[in-house]
Amino acid sequence: MKDWAALVPLKQGVESKSRLREALEPAERMALASAMAARVMTCLSNVNAINSLYLLAPTEVSEWPSHWLPDSGRGLNPELESARAQLGNRPLLVIHADLPHLTVQDVQALLTAADDRGCAFAPDRHGRGTNAVALRDANPFRFAFGRDSLTPHRQQRPGAAIVERAALGFDIDTPADLAELHDMCAARLKS
Numbered sequence: 001m002k003d004w005a006a007l008v009p010l011k012q013g014v015e016s017k018s019r020l021r022e023a024l025e026p027a028e029r030m031a032l033a034s035a036m037a038a039r040v041m042t043c044l045s046n047v048n049a050i051n052s053l054y055l056l057a058p059t060e061v062s063e064w065p066s067h068w069l070p071d072s073g074r075g076l077n078p079e080l081e082s083a084r085a086q087l088g089n090r091p092l093l094v095i096h097a098d099l100p101h102l103t104v105q106d107v108q109a110l111l112t113a114a115d116d117r118g119c120a121f122a123p124d125r126h127g128r129g130t131n132a133v134a135l136r137d138a139n140p141f142r143f144a145f146g147r148d149s150l151t152p153h154r155q156q157r158p159g160a161a162i163v164e165r166a167a168l169g170f171d172i173d174t175p176a177d178l179a180e181l182h183d184m185c186a187a188r189l190k191s
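In this note's numbering, the protein residues as written are 1 to 191.
Keep in mind that the hints were calculated from the coordinates and are not lab data. Careful, some of the hints might be misleading.
What the hints assert, rightly or not - Here are the in silico distance ranges between beta carbons for each label pair: (1) A38 / G159: 31 to 39 Å; (2) N89 / A31: 33 to 41 Å; (3) H182 / R142: 35 to 43 Å; (4) L87 / P26: 25 to 33 Å; (5) V61 / R19: 20 to 28 Å; (6) N89 / E180: 35 to 43 Å; (7) E28 / D116: 35 to 43 Å; (8) T59 / R117: 18 to 26 Å; (9) D183 / A85: 36 to 44 Å; (10) A176 / Q86: 35 to 43 Å; (11) K190 / P78: 41 to 49 Å; (12) A176 / R117: 30 to 38 Å; (13) G159 / P26: 38 to 46 Å.
All values reported here derive from a predicted model rather than from experimental measurement. Where is the CB? At the ideal position from N, CA and C, for every residue including glycine.
My request is simple: use the sequences and hints to build the entire structure.
Printed below as a string of structure tokens:
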């Protein structure tokens, strides 16, 4: 069924990827964040189950295949709760913009799991954070994104599916993540 809305929150400007400050200059962080988000948006636009795509950000990015929901600066979780209410509590995928290897198959696996269980979470590769939340039902849910978010998300929905896939788990938050991404890209170029 093609009834999912996908919502991608994105920090813009000099606050983009702020945890990478010691590794990248502001312009480099902004370019990296934008490139990863563009890739995630393109991936999501090719998922058959998604019929509408939204960017939650301070400013619109007109070249992306998405509708813009202005981020008013209240913080990620309150903004997501407001966006969910605005979208009418329909089936909603919230997925982070910093997943450089995301594929259509990864997203489809997450949505299928949520179709089966009502909700699905994609943990980060460390098993502590949450890189995506797929909410099939309209039951109440309080977003708890931030460090170690998987536990409070699972406490709210103990029956939720946990979808562990390499590309859903690999996000770019720290200089170590960035170094690993560079190593992966270098290895691909050599092969």
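Hints violated by the structure (numbers, ascending): 8
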